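Both chains come to you apart, so use the hints to assemble them.
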Amino acid sequence: MNQQVAYTPYHPRWHRQRISTYWWLERPSYFLFILRELSSLAVAWFVAWLLLLVRAVSGGAAADQQFLEWAGHPLVLALNVACFAFVCLHAVTWFNLAPQAMVVHVAGRRVPGWIIAASNYAALAFTTAAVVALLLFRW
Amino acid sequence: MSSHITLRVARYRPEEEAESTFEDYEVPCPRDWVVLDGLNHVKDQIDGTLSFRWSCRMGICGSCGMLVNGEPKLTCATFLADYAPGPIRVEPLRNFPVIRDLIVELGDFMGKLTRVKPWIIRQVEKPLSDGEYRQTPEQLDEYKQFSMCINCMLCYSACPIYGLDPHFIGPAAIALAQRYNLDNRDEGASERMRVLSEHDGIWGCTFVGECTKVCPKHVDPAAAIQRYKLQAALDWVKGVVLPRATS
Chain D
1 MNQQVAYTPY HPRWHRQRIS TYWWLERPSY FLFILRELSS LAVAWFVAWL
51 LLLVRAVSGG AAADQQFLEW AGHPLVLALN VACFAFVCLH AVTWFNLAPQ
101 AMVVHVAGRR VPGWIIAASN YAALAFTTAA VVALLLFRW
Chain U
1 MSSHITLRVA RYRPEEEAES TFEDYEVPCP RDWVVLDGLN HVKDQIDGTL
51 SFRWSCRMGI CGSCGMLVNG EPKLTCATFL ADYAPGPIRV EPLRNFPVIR
101 DLIVELGDFM GKLTRVKPWI IRQVEKPLSD GEYRQTPEQL DEYKQFSMCI
151 NCMLCYSACP IYGLDPHFIG PAAIALAQRY NLDNRDEGAS ERMRVLSEHD
201 GIWGCTFVGE CTKVCPKHVD PAAAIQRYKL QAALDWVKGV VLPRATS
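Going down the list, the sequences are from chains D and U. For reference, each letter of the first sequence is one residue, going 1 to 139 in my numbering. For reference, each letter of the second sequence is one residue, going 1 to 247 in my numbering.
The following block holds chain U by itself, in its conformation from the complex (with noise of 0.2 Å):
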């Protein structure tokens, strides 16, 4: 296996340049190196103004989503060694704005995730001295699955519906919705669902089921979707055959 291997990193500098370059940074390439490492070489080492976000470096902060020859994918769980020969691409999140460099504009994403109220909504809490609202393993494990997302926005790099129609509140905001729907302690989903049955709601998905693939904890937003929508069709349907149980 070669020693090193090139990166050819997307810059935008706007104070210089209106369009984004490419620029080729030769690295080591050890087989423990990962792309997040070989950017870090880049900084430290040749070029100390190329700008991108990381932090954690094991898979949970969801900080350094990037293209990796086309791919969203974490760069800190991307083995270099896997791309050999190279030259290996790297490029910012498809379907964002580029601030700088490697790094994308997350206002959007941040106030779609807010409108979602993922958080457990109770119509009168219990008092304290009731004590803590317990859940058996079952029903933890009917939501288990979509708390694992970590925000990381590689859904929202692979879906070309977002990059259409940035309206579209997007996988992983769906995903976690569906989170709290399935919770047994929360009482908000009818909530959620004043939010997402809009017209950029689940309605904008049309299942191309790449956000599911590229969910690099397996959270599966494109199934939370296809849930949400045959919920929406249930209640719609529960709502003209049984007008007043559902009003």
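Next up, chain D with everything else stripped away, as it sits in the complex (with noise of 0.2 Å):
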């Protein structure tokens, strides 16, 4: 934007709208945007934790224990159910959004985007199905 301008009686001056501090409550689209943006700090508290489990598991039993007693304090069951919404918030947005950055073509033709957004999904669905497999049967 020309910041230079120079007003004259032939050049009246210019109406400049101020944006709201509050822009992203205006629409709810914007605040999905914000929410959104927000869930990657979810995303990397999940990150910690995964780092944190290894350590506690690596640390021997009365580590691991220890870890599973503060996992299961109210605060923190409570954060990691809020950090979980929000990254099942995180998953949805992101895999809808896929078919507009990603444009594949098979034998010639592209696919549609349905097809790009139910195949993360379901790729999604299967690493639940293994992880979940993992843990019940103890492959």
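Any given hint could turn out to be false.
A few chain D positions that, by computed beta-carbon distances, are all more than 12 Å from chain U [unchecked claim]:
| id | residue |
| --- | --- |
| 1 | 24 |
| 2 | 32 |
| 3 | 60 |
| 4 | 85 |
| 5 | 101 |
| 6 | 103 |
| 7 | 132 |
Computed Cβ-Cβ distance ranges for the label pairs, DEER-style [unchecked claim]:
| id | chain 1 | residue 1 | chain 2 | residue 2 | range |
| --- | --- | --- | --- | --- | --- |
| 8 | D | 115 | U | 194 | 28 to 38 Å |
| 9 | U | 218 | D | 47 | 29 to 39 Å |
| 10 | U | 23 | D | 77 | 55 to 65 Å |
| 11 | D | 89 | U | 233 | 33 to 43 Å |
| 12 | D | 59 | U | 241 | 30 to 40 Å |
| 13 | D | 94 | U | 48 | 47 to 57 Å |
Don't read these hints as lab results, they were simulated from the structure. For clarity, every value in this text was computed on a predicted model and none was experimentally measured. Beta carbons are placed, not taken as given, at the ideal position from N, Cα and C, and that holds for glycine.
Shown next, in the form of structure tokens:
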């Protein structure tokens, strides 16, 4: 934007609208966007959680037990439930946006966007099923 | 249906006032009148000092973009009857300086458009005797969607990133750069990438996605930007893994 404007009677002053600090509350879509961006913090938290878990397990039975007791504290539990909701939002919003970023051609034809989104969900379902199977059947 | 509807129009008269104000005008509301018809009625019959841009009245020229009840719209394609019983708030496009009433300053956008070189670039032009540059329907389909942009700037008005950081090159300019990158006759992708990979280029976009929602020609600028990011990231990886091949 040209900030070096010389205003004269023949070049009257332009009116510049100020962006509100709370612009993200003006539309539901802006608010959802901010929630999606904030959900990155929840993803980072779970990465840190995984590292803490690995450290506790590698530290022996006592350290593992101490970690489990900390994890069962109501505040930590509430934090993890909230973060899980944010991670779900993160996954759904990004999977739905993936077709806009990815253009895939198979046999010279463009793959429809819904197949790209569906393949993301299928990969998530497969990975989740594999983790659940690992936990239940201790493969 | 009521035979009239109220247009609540933003007025800014720099010789008289420092801030914009609203004025109400009662206009006829036949089923086939659009907001632009209402504004033209005001100008012709009620207040000749009202200023706004328009030209083709059929969604081609991109001149008549304004905020209608806060949403960026082409006023030639927005029917009054859809907003009955009103009133309908008509304001200049958000995120641009207002020169007068509903007229915004275009210089910033025009400068950015030129920076991305939205024309076919050839490293070496072949002689005329070799004939035209040919293109198959499939090659046309690769970029056709992005070529539908009419430079109406509704996407800039909807983009909060552009509002917060006016240096951001913006959705339409990037979509038009992508239109030429995907054209098989073009050889200027690396020149455009130099401009778009700067801080104010594609990386300024955080994928709010409002540009795509308001686009009257279904160009999907958000997709153009994300595809550009993906391409830039792949180019970077190739540059690291195969430095000789990409140099």
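Evaluated hints:
1. A Cβ of chain U approaches the Cβ of residue 24 of chain D within 12 Å, the least distance being about 7 Å, so the stated non-interface status is violated.
2. In this structure residue 32 of chain D is not separated from chain U by more than 12 Å, as the shortest Cβ-Cβ distance comes to only about 9 Å.
3. With a least CB separation of 40 Å from chain U, residue 60 of chain D remains clear of the 12 Å interface cut-off, as annotated.
4. With a closest Cβ-Cβ approach of about 21 Å to chain U, residue 85 of chain D is found to remain outside the 12 Å limit, as its non-interface label requires.
5. With 12 Å as the threshold on Cβ separation, the claim that residue 101 of chain D sits away from chain U is violated: the shortest Cβ distance comes to roughly 4 Å.
6. For residue 103 of chain D, the shortest C-beta to C-beta distance to chain U comes to about 6 Å, within the 12 Å cut-off, and the non-interface label is violated.
7. With a least beta-carbon separation of about 31 Å from chain U, residue 132 of chain D lies farther than 12 Å from that chain, consistent with its non-interface assignment.
8. Taking the beta carbon of each, residue 115 of chain D and residue 194 of chain U are about 34 Å apart, inside 28 to 38 Å as hinted.
9. In this structure the hint that residue 218 of chain U and residue 47 of chain D lie 29 to 39 Å apart at CB holds, the actual value being about 38 Å.
10. Distance hint for residue 23 of chain U and residue 77 of chain D: a CB-CB separation of about 57 Å, consistent with the stated range 55 to 65 Å.
11. The hinted window of 33 to 43 Å between residue 89 of chain D and residue 233 of chain U is violated, with their beta carbons roughly 24 Å apart.
12. At roughly 38 Å, the beta carbons of residue 59 of chain D and residue 241 of chain U sit within the given window of 30 to 40 Å.
13. Range check, residue 94 of chain D to residue 48 of chain U: Cβ separation about 52 Å, and the 47 to 57 Å hint holds.
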